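Visitor: Go ahead and model the full structure; you've got the sequences and the hints to work with.
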Amino acid sequence: MIIGSLQGDNLQILTTILKMSGFNRKLIKSFSYAVRGITYLFKSQLNARIELIITGIVLISAVLFKISTSEWLIILLCIALVLGLEAINTAIEIFADKLHPGFDDEIGKAKDVAAGAVLITAIIAAITGIIIFAPRLLELFKF
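Here the sequence shown is numbered in the numbering used here, starting from -14 and rising by one per residue.
It should be emphasised that the hints constitute simulated quantities derived from the structure, not laboratory data. Be aware that one or more of the hints could be misleading.
Taking lysine to aspartate or glutamate and the DMTMM-like style, the derived pairs with C-alpha atoms no more than 20 angstroms apart in a straight line are [said to hold, decoys possible]: (1) K96 x D82; (2) K94 x D82; (3) K51 x D97; (4) K83 x D97.
Here are the in silico distance ranges between beta carbons for each label pair [unchecked claim]: (5) L123 x K11: 43 to 53 angstroms; (6) L123 x L84: 23 to 33 angstroms; (7) I73 x L122: 48 to 58 angstroms; (8) L58 x G93: 33 to 43 angstroms.
Given the structure is predicted, the values throughout are model-derived calculations rather than measurements. Built from N, CA and C at the ideal position, the CB exists for glycine as well.
Guide: Below, the structure is given as structure tokens:
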């Protein structure tokens, strides 16, 4: 039975089971850890803060230019990929530094590759933004 189709007593039973299992507390605790990680990311990483500012500019531009639904989906996917990879890169760096505090050539390579993944994604996201916004900017300024 699909949860969305539950009615009356069945929904009440499911709610009671979830409450008894501690589902709500586990979910809230899980979200609080994620929020703590996101907060750490933006407080500790300059690149993440720069990407967040760019995200704000892009979202405001998207609203002002009234981009299409498909363009919204593409923009949101690009934002998620860049910020998500920045978070993964940061996690890899923290883990690597804890694992081997001194310099290690192989750990350095792994960190460089992770940073490179963020850069590749950011470049593709920027190109995507240019493809979506350049025609609108040219029309706005009549070039």
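Visitor: Does each hint fit the structure? Answer for all of them.
Guide: Hints versus structure:
1. K96 x D82: The given pair, whose Cα atoms are some 10 angstroms apart, holds under the 20 angstroms limit.
2. K94 x D82: Holds, at roughly 13 angstroms.
3. K51 x D97: With a Cα-Cα distance of about 38 angstroms, the restraint between K51 and D97 is violated, given a limit of 20 angstroms.
4. K83 x D97: 16 angstroms, holds
5. L123 x K11: 43 to 53 angstroms: 51 angstroms, holds
6. L123 x L84: 23 to 33 angstroms: 50 angstroms, violated
7. I73 x L122: 48 to 58 angstroms: 32 angstroms, violated
8. L58 x G93: 33 to 43 angstroms: 37 angstroms, holds
In this structure, the earlier hints numbered 3, 6 and 7 are contradicted, and the remaining ones agree with it.
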